[in-house]
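Chemist: Protein chains in written order, with the numbering used here: chain H, 87 to 395; chain E, 920 to 1205; chain Z, 1083 to 1595.
Honestly, I wouldn't trust all of these hints.
As the list claims (entries may be wrong) - In silico DSS-like links for lysine-lysine, alpha-carbon gap of 30 Å or less:
{"id": "1", "chain 1": "Z", "residue 1": "K1182", "chain 2": "Z", "residue 2": "K1234"}
{"id": "2", "chain 1": "Z", "residue 1": "K1575", "chain 2": "H", "residue 2": "K243"}
{"id": "3", "chain 1": "H", "residue 1": "K137", "chain 2": "Z", "residue 2": "K1281"}
{"id": "4", "chain 1": "Z", "residue 1": "K1280", "chain 2": "H", "residue 2": "K349"}
{"id": "5", "chain 1": "Z", "residue 1": "K1182", "chain 2": "Z", "residue 2": "K1301"}
Please keep in mind that the hints were generated in silico from the structure rather than gathered at the bench.
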Amino acid sequence: MTVYVAHRLLQALFVCLGISVITFLLLHVAGDPVLLLLPQSASDADVALLKQKLGLDRPLVVQYIAFLGDALKGDFGQSLFTQESAFSLILERMPATLELTLAGTLVGLAVAIPLGVLAAIKRGSFLDRLSTVGAVGGQAMPIFWLGIMLIILFAVKLRVLPASGRGTLAHLILPAITLGVYLAPLTMRLTRSGMLDVLTQDYIRTARAKGVVERVVLFKHALRNAAIPIVTILGIQFGRLLGGAIVTETVFAWPGVASLAVKAIRTYDYPVVQGSVVFLALLIVVVNLLTDLAVAWIDPRIRLGAGRD
Amino acid sequence: MTSLGRLRPLAAGGLILGVAVCAAVLAPALAPHDPYAQAVGARLIPPVWEEGGGWTNPLGTDPLGRDLLSRIIYGARISISAAALAVAVSMVLGVLMGLVAGYYAGRVDTVISNLVNLMLAFPFLLLALAAVAVVGPGFRNMVIVLGLTGWPIYTRVVRAETLKYREREFVLAARALGLGSWRVIWGHVLPNLINTIIVMASLEVARMIILESFLSFLGLGIQPPTPSWGSMLGEGRVYMFTHWWLAAFPGLAIFMTTLGINLFGDGLRDLLDPHRVLAAATARAE
Amino acid sequence: MENVKLVIRCSLALLAGLLLAVTPVAAAPKGRVVAALGSDTSTMDPHMHTERVGIIIQQHIFDSLLGRDTKTWHPVPHLAESVTSVNATTWELKLRRGVKFHNGEPFTAESVKFSIERVLNPDQKSPIRGNFTWVKSVDVVDDYTVRITTVKPYPLFHEILTFGNFVMLPPKYVREKGDAHVARNPVGTGPFRFVEWKKGEQTTLEANEQYWKGAPAIKTLVFRVIPEPATQIAELLSGGVDLIRAVPPDQLSVIKSSKVARVTATKILRVVYLQMDGDARAAKTPLTDVRVRRAVNHAVNVDEIMQKILGGLAVRTPSGGNPLAFGTDASIKAYAWDPERAKKLLAEAGYPGGFEISLNTYAGSIVNVEQVAQAAMGYLGQAGIRVKPRHFADVGQYLANFRGSKLDGITMASWGYNSVFDSDAIFYTHFHTGEPYAYNTAKEMDTWLEEARSTVDTKKRRELYSRFQRFIVDQAYWVPMYGQYTIEAVSNKLNYEASSDEIMRIFAATWKD
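Same shape as in the complex, but just chain H (with noise of 0.2 Å):
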């Protein structure tokens, strides 16, 4: 086990290494953000200087090992923009992205899991068929779509909830569901075959004839071992839900990092940027690994060392 928790560590560094590397070179090739520094009316003399300013002259090689030697002291270095640690902006903005991708997931999970389970119990039933269509109906939603439609509803012309922005309970209803909706069909199609796969196995049969209840029998029995591709995927996804959250954060104005990591992509503010992929990059990694590793406890196989790969 602790031979593959360090194969899996490692891992997991070289990815974030891997991944500051690649940030790094595309933003340095796609653009230059002194224009947008200055007022439209600046001269040329002007430009230059603030390249020079801000070291934006320098080899590319040294700009990286500069920024790899800062960023290992926690040092992002400044917006371009508004001079304030990368670091700090980014950390001022994470509780409300964990908030949304928090609360997203458990609304997806809870409209997810049940279904999935029900929908495998009642097998080729109507149920079924609703829930199959209403898994991909989900998956084929645009995301903003949604989330424009429930703030028209809610929002304008029932007007029981706020449109955006954040702060009591009732702000993040909207966001959540949005974002839960975008999850859960995925989820629930997982559960679903999961669950499906694992009923046919002979050890439920047994219990069965054992005259186990039924309701022991799935979720002891069932569940426990269709959890295992669903935390995987859970892991997974996380990715995916960040994807998400950038649009559900635009939308409904969510003061969140993946919004500030877009508008920073835009306006070619480097250090934010590099500051919130590669931090929005270790956070996957981490629960990527803190799902791999719920997967090997769960799963005695791997736990007892036969290896993941």
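Take the given structure of chain H and dock chains E and Z to it, following the hints.
Modeler: The following block gives chains E and Z in isolation, referenced to the frame of chain H:
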């Protein structure tokens, strides 16, 4: 489920998909107007059943007076072909990587697996944004970006399966006979994976259609005036209060086509190999 | 004893009455107003950014030396009570007395000297510095008198003193606390004092009851950041916000038909035009021939764009100059829409079958830019000019290409005059040799432009600009289209009108009751 019942989703999906593909292929014959023909004097006309609408433009017109129905029919061409091409690129790349990783194992496998983890950890959207910022938006670049980010899932599944198959008797026998590695991979391992790959690819097409609309929402995908469902949806989002049809119909088109593909793909999977359900679903990472 | 008490009571009453009569009885500020902005300001230090949203917020916290009359938009006294010209290169400002900064620091000539020198200081790295390089020196004559000397005679002196970012800062506070603190805790002389800034989310301000012009009618003012236009409209309709700006013209009907809000729109300085690379600065092009350029002018149906796409909320600019700006010649006629004539001109110039050309656009301050661009493409196509669209999703890349001589063909661009209501602010940088945005130049134009910006004789300047405008229209250097409107929407609870300098004057709004 009875064997006929199994065919029902396949048939339903196939029907819907057929309609979409027909629209794509027969667009010039089906569309009542030129999707690019602007008529600034006839902009924002509502659908025929609303007040102010007419049969000239059954689904209404967009802010430049272009017929929505025609744009949706032509949009089928663009959206489906973009998705299909992206899937083709990612599938070829991903399967190849998976075969190599699974068959040769060892160091090669480690490198490829780490690359897969790297790709999966990287927030797709940020990668797409940065990539498009470098190469510029548009059909070709979008297909490339989608293709280059979609391969990891194929690799994961194919690799896992290849690992299993390389120890099977018929493969060992082939190798003992002295067949070169590639012939073994190509002729003996791959055929067993075709079903899985086909199912994955078909479902991926649906996902690609959605991703295209995602990129277009941010202005990075297909550029106007080319009609694609995703970009029409993006353009229509500000109009949702006043001219709801601009976003509703492309959205409906995306929904129906995706539904069709998913039903078809699921039906195909059930038909070809019901035991693959878990493996394919587990690996379909996004 | 009773009599004494009576006298005292009467005297007190009399005194109270006298006091009441003397002090201005203003209604106390009340209520809360929320305004939505599409993005947040990057800093609360007004000298360190050039963003419209930042200017809007900070014009509520700070004051400029001169303000604007909301009917004529001419500069009027504000913190400076009078501006007199001592000689061609020296101006004397008399300052208003009794004005205090929010922290109690008095506003004096020292504050003016400090603020100007701060902007000019190269180490400050102020992005608005380039607008003030005409200043030679600032001298304090006495506590309420300042003299500013210019390098050359500077005709835009009054205009520049109304500049949105160019506000007065308290010297003692800034020196003590340092720039980093000032960037997050602004202290000015304005109608509202700063309460809180939740970055990326919202800014909260509170009425300054001691404001020298009288306290504003609104007690609490919140600026919320809402990036998505559809969400902004939803918030307005559901009562969540009271003011929104940059409303797309197509969305006005739903606001007008609601019972809770109304639309307020007015002309602004920003003009939209099609720039043509007549000097072939970027690449060889048919546009070097004046007949081709005239053909392009005849091909585009500007009036239809204005009516249909902008809902009539635009004003034609025959020479490219905005009617609001000084020096715009209103007698100049625009090229009429005439696709047949366009085709004829093209044939004369040697292009009977038309030709192919790029149209560059970017996502920015042009309202409905995609639709205007596509409409333009359509019209050009009808005249035989096949357009290849080239869109820049990012302003940075677009600007780099514009300045770097890489924008060949036709470019759809807009210009905000730098918020200066004067022709110099548009024509110099677009037509003077060597300027970053000049893709059409000529010797005569250089002379006229240089002369016009170095004399303060308004009659002379008007003549020069008229001559200049006739020349560029005759040479058809660009396709002048229209001046935009600012389109805002406000809750029916407030009396509020949009302003032509795009500064939302929420400090002047009052409650409807």
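Chemist: Run every hint past the structure and note whether it holds.
Modeler: Now for the hints, and whether the structure bears them out:
Proposed proximity of K1182 of chain Z and K1234 of chain Z is contradicted: the alpha carbons are some 33 Å apart, above 30 Å. Under the criterion of a C-alpha separation no larger than 30 Å, the hint pairing K1575 of chain Z with K243 of chain H is consistent with the structure, at around 20 Å. As the CA atoms of K137 of chain H and K1281 of chain Z are separated by approximately 26 Å, the hinted pair is consistent with the 30 Å bound. With a C-alpha separation of about 17 Å, the suggested pair K1280 of chain Z and K349 of chain H falls inside the 30 Å cut-off, and the hint holds.
Restraint check: the Cα-Cα separation between K1182 of chain Z and K1301 of chain Z comes to about 19 Å, which is no more than 30 Å; the hinted pair holds.
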